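**Student:** Using the sequences plus the hints, can you model the full thing?
Residue numbering for the sequence shown follows our numbering, beginning at 28 and increasing consecutively.
Since the hints were made in silico from the structure, they are not lab data. In this text, all values refer to a predicted model and were calculated from it rather than measured experimentally. Please note that the accuracy of each hint is not assured.
As the list claims (entries may be wrong) - Straight-line distance between alpha carbons at most 25 Å, and here's what the computed SDA-like set of lysine to any residue pairs gives:
| hint | residue 1 | residue 2 |
| --- | --- | --- |
| 1 | 423 | 437 |
| 2 | 354 | 183 |
| 3 | 360 | 313 |
| 4 | 175 | 273 |
| 5 | 354 | 314 |
| 6 | 290 | 389 |
| 7 | 123 | 367 |
| 8 | 65 | 370 |
| 9 | 421 | 448 |
| 10 | 446 | 415 |
| 11 | 343 | 183 |
| 12 | 175 | 131 |
| 13 | 354 | 339 |
| 14 | 279 | 240 |
| 15 | 279 | 245 |
| 16 | 446 | 416 |
| 17 | 65 | 411 |
| 18 | 123 | 424 |
| 19 | 343 | 51 |
| 20 | 325 | 141 |
| 21 | 293 | 176 |
| 22 | 123 | 161 |
| 23 | 360 | 79 |
| 24 | 360 | 394 |
| 25 | 89 | 78 |
| 26 | 89 | 183 |
| 27 | 89 | 79 |
| 28 | 89 | 107 |
| 29 | 89 | 314 |
| 30 | 343 | 388 |
| 31 | 343 | 362 |
| 32 | 123 | 409 |
| 33 | 65 | 407 |
| 34 | 325 | 313 |
| 35 | 447 | 141 |
| 36 | 354 | 171 |
| 37 | 263 | 244 |
| 38 | 290 | 367 |
| 39 | 72 | 295 |
| 40 | 290 | 276 |
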Amino acid sequence: MVVSCNNGTLSAYVPTDDNPWDISKVLLVYRRLGFGIKHSDIASKLSLTPSELIDELIDNAKNLPLTPDPGWAHWTNTDFRNAGGNRGPFYRNHQKIVFQDFLNNDMRDRLTLFWSNHFVTEYYMYNHPAYTFRYYNNLQSNVLGNFKNFVSVMGLDDAMLMYLNGYENRNNAPNENYARELYELFTLGEGNGYTQDDITETARALTGYNNRQDGGPIYFNPNRFDNGEKTIFGRKGNWNYDDVINILFEEKSDLISKFIVRKLYKHFVSPDVNEAIVDELALYFVNNNFELEPLYSKLFKSEHFFNSYSSNVLIKSPVDLMVFIEKEFDFEKPDNFSDNLNNYLRSRCSDMGQEILNPVDVAGWQENHDWISTGTLPMRWEFSDYLLSRYWIKNKEQFRNYAISIVGIEETNPVEIVKKLINTCFVIII
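**Tutor:** See the structure below:
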């Protein structure tokens, strides 16, 4: 068992001489809660207090409009057939839109990426671009809302109902797929607080949702609903979908909160979990009625988050790596390359094992060390080099200007120049 060395508390981070509010802290915030920050924007963020910066990120995320309908978000199968029948271009177009969101936005779409790896659907299992786009909008709508409501919304999402066979779950032939993953992956954790009988009975309560033959929105059909008595977590009744969510959060709130907080911690803070912090945050989550915004605020403003042991402990995902290079360096691009950039990012991330909106399986990407293998490590070098070499060919001088913006025009000491560049690019204080 690995023990966390981070002994920071959940009290709000107050800068000190030993732990100052500096460039490294701003970079930590934007690389964890966004996809990086332009160097020219750092000074304005340093003028804020740490808590003010987190508040600004959260407020911006809440007020950001949803990604607009590209024109086909409500198409049926007939509409796609009339457009030529090949759905691949629509799906790839949506992925490019997502990468543009990553480049333009910060916390809202960082959270959207995180939760897409929690409430997982695999696009190729249902092959419906309109479902995928609405799934994406549902994530965006709920990432700062109430987690209980989030669970309820995603369970009735068209893509989810198709992916985990909810549309096939009917009174005379129950399908347990969604009921099992609701507990195992979305709320409680594998084998944690539920039995096979709970899964069986829950599946019965979730019956009745059907897909229209032309691939339109899924709807509730009362003729397919199981009207019998069910027993879920020891409670008997003619339970339905809403009842399942209510009973789950009433009976298992402590288990749900710890499972979700631990997952957030491992993604945004460190793979080495401080269990005392998780326990304290989990209680805070329950006491705030599973509202996500206060949970984020508590964690991301804390001295625990800003502790030095939080830096340089997470391996960038392919998306983090590629979007970070493009966003932080913000170099001038070759002619016509801007049009192809998002497609390049999409394709290369897929090559490295992270195809957006299409994780490897229902458990999602396992992250951190799983991103590194003998196959993917050379790709990370190769693809990063390709991007930077295109910018170098376009304008070599912009690399010099970038370095000067970090170290200053007057600095001549090679050791200090290297230190400043490393401290900015890698957040390693030397």
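**Student:** Against this structure, judge whether each hint is valid.
**Tutor:** Hint-by-hint comparison with the structure:
1. 423 <-> 437: 20 Å, holds
2. 354 <-> 183: Not satisfied, since the Cα-Cα distance of roughly 35 Å exceeds 25 Å.
3. 360 <-> 313: With a Cα-Cα distance of about 48 Å, the restraint between residue 360 and residue 313 is violated, given a limit of 25 Å.
4. 175 <-> 273: 8 Å, holds
5. 354 <-> 314: With Cα atoms ~38 Å apart, residue 354 and residue 314 exceed 25 Å; violated.
6. 290 <-> 389: 16 Å, holds
7. 123 <-> 367: Satisfied, since the Cα-Cα distance of roughly 9 Å is no more than 25 Å.
8. 65 <-> 370: 22 Å, holds
9. 421 <-> 448: Holds: residue 421 and residue 448 sit about 22 Å apart, inside 25 Å.
10. 446 <-> 415: 21 Å, holds
11. 343 <-> 183: Violated: residue 343 and residue 183 sit about 32 Å apart, past 25 Å.
12. 175 <-> 131: Violated. Residue 175 to residue 131 sits at ~29 Å, over the 25 Å cutoff.
13. 354 <-> 339: Roughly 19 Å between the alpha carbons, so the hint for residue 354 and residue 339 holds.
14. 279 <-> 240: 37 Å, violated
15. 279 <-> 245: 29 Å, violated
16. 446 <-> 416: At roughly 23 Å apart (the allowed maximum being 25 Å), residue 416 and residue 446 satisfy the hint.
17. 65 <-> 411: 17 Å, holds
18. 123 <-> 424: Since the Cα atoms of residue 123 and residue 424 sit roughly 29 Å apart, the hinted pair is violated (cutoff 25 Å).
19. 343 <-> 51: Roughly 17 Å between the alpha carbons, so the hint for residue 343 and residue 51 holds.
20. 325 <-> 141: 18 Å, holds
21. 293 <-> 176: 23 Å, holds
22. 123 <-> 161: The hint holds at about 16 Å.
23. 360 <-> 79: 34 Å, violated
24. 360 <-> 394: Between residue 360 and residue 394 the Cα gap is close to 30 Å, so the pair fails against 25 Å, i.e. violated.
25. 89 <-> 78: 16 Å, holds
26. 89 <-> 183: 23 Å, holds
27. 89 <-> 79: With Cα atoms ~15 Å apart, residue 89 and residue 79 stay inside 25 Å; holds.
28. 89 <-> 107: 33 Å, violated
29. 89 <-> 314: With a Cα-Cα distance of about 22 Å, the restraint between residue 89 and residue 314 holds, given a limit of 25 Å.
30. 343 <-> 388: Holds - the C-alpha atoms of residue 388 and residue 343 are around 20 Å apart, at most 25 Å.
31. 343 <-> 362: 29 Å, violated
32. 123 <-> 409: Holds, at roughly 21 Å.
33. 65 <-> 407: Holds, because 21 Å separates the two Cα atoms, which is no more than 25 Å.
34. 325 <-> 313: 13 Å, holds
35. 447 <-> 141: 31 Å, violated
36. 354 <-> 171: OK: residue 354 and residue 171 at ~24 Å, within 25 Å.
37. 263 <-> 244: Violated, at roughly 31 Å.
38. 290 <-> 367: Since the Cα atoms of residue 290 and residue 367 sit roughly 34 Å apart, the hinted pair is violated (cutoff 25 Å).
39. 72 <-> 295: 20 Å, holds
40. 290 <-> 276: 18 Å, holds
Comparing the model with each earlier hint shows violations of hints 2, 3, 5, 11, 12, 14, 15, 18, 23, 24, 28, 31, 35, 37, 38; every other hint is respected.
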